[in-house]
Amino acid sequence: MVALVRIPTVLRPATGGATVVSVEGSTIGEVLDALTATYPAIRGQLLNEDGTLHRFLNVYVNDDDVRYLGGVAAPVAADDEITLLPAVAGGAVS
Amino acid sequence: MTRYASVLELIGNTPIVDVSHLSPSPTVTILAKLEGRNPAGSVKDRVAISLVEAAERDGRLVPGAPGQVLIEPSSGNTGIALAMVCRLRGYHLKVVLPTNVSPERRQLLQAWGAEIIESPGAEGSNGAVRLAQRLAGEHPEWIFLYQYANPANPLAHYTTTGPEILADVPEITHFVAGLGTSGTLMGVGRYLKEHKPGVQVWAVEPPSGEMVDGLRSLDDGYIPPVFTDNDGAALLDRKVVVRPRESIEWARRLTDVGLFVGISSGAIMAGAVKCANLVPEGESATIVTIACDDGWKYLSTGAWSDDIEDVVERARRIIYF
Numbered sequence: 021m022v023a024l025v026r027i028p029t030v031l032r033p034a035t036g037g038a039t040v041v042s043v044e045g046s047t048i049g050e051v052l053d054a055l056t057a058t059y060p061a062i063r064g065q066l067l068n069e070d071g072t073l074h075r076f077l078n079v080y081v082n083d084d085d086v087r088y089l090g091g092v093a094a095p096v097a098a099d100d101e102i103t104l105l106p107a108v109a110g111g112a113v114s
Numbered sequence: 007m008t009r010y011a012s013v014l015e016l017i018g019n020t021p022i023v024d025v026s027h028l029s030p031s032p033t034v035t036i037l038a039k040l041e042g043r044n045p046a047g048s049v050k051d052r053v054a055i056s057l058v059e060a061a062e063r064d065g066r067l068v069p070g071a072p073g074q075v076l077i078e079p080s081s082g083n084t085g086i087a088l089a090m091v092c093r094l095r096g097y098h099l100k101v102v103l104p105t106n107v108s109p110e111r112r113q114l115l116q117a118w119g120a121e122i123i124e125s126p127g128a129e130g131s132n133g134a135v136r137l138a139q140r141l142a143g144e145h146p147e148w149i150f151l152y153q154y155a156n157p158a159n160p161l162a163h164y165t166t167t168g169p170e171i172l173a174d175v176p177e178i179t180h181f182v183a184g185l186g187t188s189g190t191l192m193g194v195g196r197y198l199k200e201h202k203p204g205v206q207v208w209a210v211e212p213p214s215g216e217m218v219d220g221l222r223s224l225d226d227g228y229i230p231p232v233f234t235d236n237d238g239a240a241l242l243d244r245k246v247v248v249r250p251r252e253s254i255e256w257a258r259r260l261t262d263v264g265l266f267v268g269i270s271s272g273a274i275m276a277g278a279v280k281c282a283n284l285v286p287e288g289e290s291a292t293i294v295t296i297a298c299d300d301g302w303k304y305l306s307t308g309a310w311s312d313d314i315e316d317v318v319e320r321a322r323r324i325i326y327f
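Residue numbers (this note's numbering), protein chains in the order written: chain A, 21 to 114; chain B, 7 to 327.
Hints listed in this document are in silico derivations from the structure and should not be mistaken for laboratory results.
Model, not experiment: these values are computed from the prediction.
Be careful, since some hints might not be right.
Unchecked claim - Short derived list, chain B residues pointing at chain A, Cβ under 10 Å: (1) L67; (2) G130; (3) E211; (4) A239.
Unchecked claim - Some chain A residues judged to face chain B by a derived CB distance under 7 Å, without partners named: (5) Q65; (6) L67; (7) E69; (8) D70; (9) H74; (10) F76; (11) Y80; (12) D84; (13) Y88; (14) G90; (15) V92; (16) P106.
Note that CB positions come from ideal geometry on N, CA and C, so glycine has one too.
Whole structure, please, built from the sequences with the hints as guidance.
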């Protein structure tokens, strides 16, 4: 499965400025693993040492927060769009 | 009853209107609770009076005593509602406000006599919260109600909004509301789940419309203590994000049912429609949403009259959600 991952401004230094990245994976965990394999600097920003999501990171599959769909086990289908957004006081930021 | 002793008695008991004309399914009813009917114009009136009365009960505020100062970060409705309540109670309110909010918000705060302290626009609401925390620390004599962490915020919804919804719509199956301080979702969500187990609670993450170049890393992120204190992750069944364009489109569509409501209400309606689309075909459901405020404060955005591309672009620079 190839999914598109949208990278927020705050994480772009770790992706060399890339805003949209294409990666393989059939779960959110696999997608994030593939992303961090390509951009190792991003790993510490996305995941805790035990592999769970950083508390201030919201991950959406097609606009649905994966924390309520099984977390890193949430399924990803072909052409799904994955958006990473930081948690802030005023709501989501793109 | 049509005669009231104080404008504060007009807070709450808002009407709920059927907007199912916009539902994607003939078996899914969608109802909107019109919080713009509150006297200072938004759902935050309930929170403002609850925060102030809680502080009065515990003696931190004394009605009528001279020289009492409150400080609160707010990009809009809470500040406006607090300004109205403080004007009536004789308290001086300082609102920490990002520089890039819409002009209507600034003027409404001034109308009720609040003092405005500006925080950097690029830091958005996070920056306003940080500055208010710092100033409150430097001035222990000021009262910092801190809506993001104050239990009186969700309590307002647990004791008023939640019971009103269940009394008016006993057949409710889903509740959909915006996630800001999370007060509405935590208070109403907890009340509904306690009194009608099985009700699903959906959060809509509204687009902030902020430029947040001020966010240096994810560690600068923020989750309201109201959310964690109420175990929000366990209380919510689902959370969806809605983009600025979708929010504006749905705010426009709501005029088809006669509603002139704010852009965050458009975002919440978009979330309710996503929710309705997941109800299995032929199954009936009743979704209750919150229309947080009316459209007046958003007219300067051109949301209903200008080219939608221009409005979306403006939404990137100005906070008006």
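Hint-by-hint comparison with the structure:
no. : hint : verdict
1   : L67  : violated (24 Å)
2   : G130 : holds (5 Å)
3   : E211 : holds (4 Å)
4   : A239 : holds (6 Å)
5   : Q65  : holds (5 Å)
6   : L67  : violated (11 Å)
7   : E69  : violated (15 Å)
8   : D70  : violated (17 Å)
9   : H74  : holds (6 Å)
10  : F76  : holds (3 Å)
11  : Y80  : holds (5 Å)
12  : D84  : holds (6 Å)
13  : Y88  : holds (5 Å)
14  : G90  : violated (12 Å)
15  : V92  : violated (15 Å)
16  : P106 : holds (5 Å)
Hints 1, 6, 7, 8, 14 and 15 from the list above are not met by this structure, while the remaining hints are.
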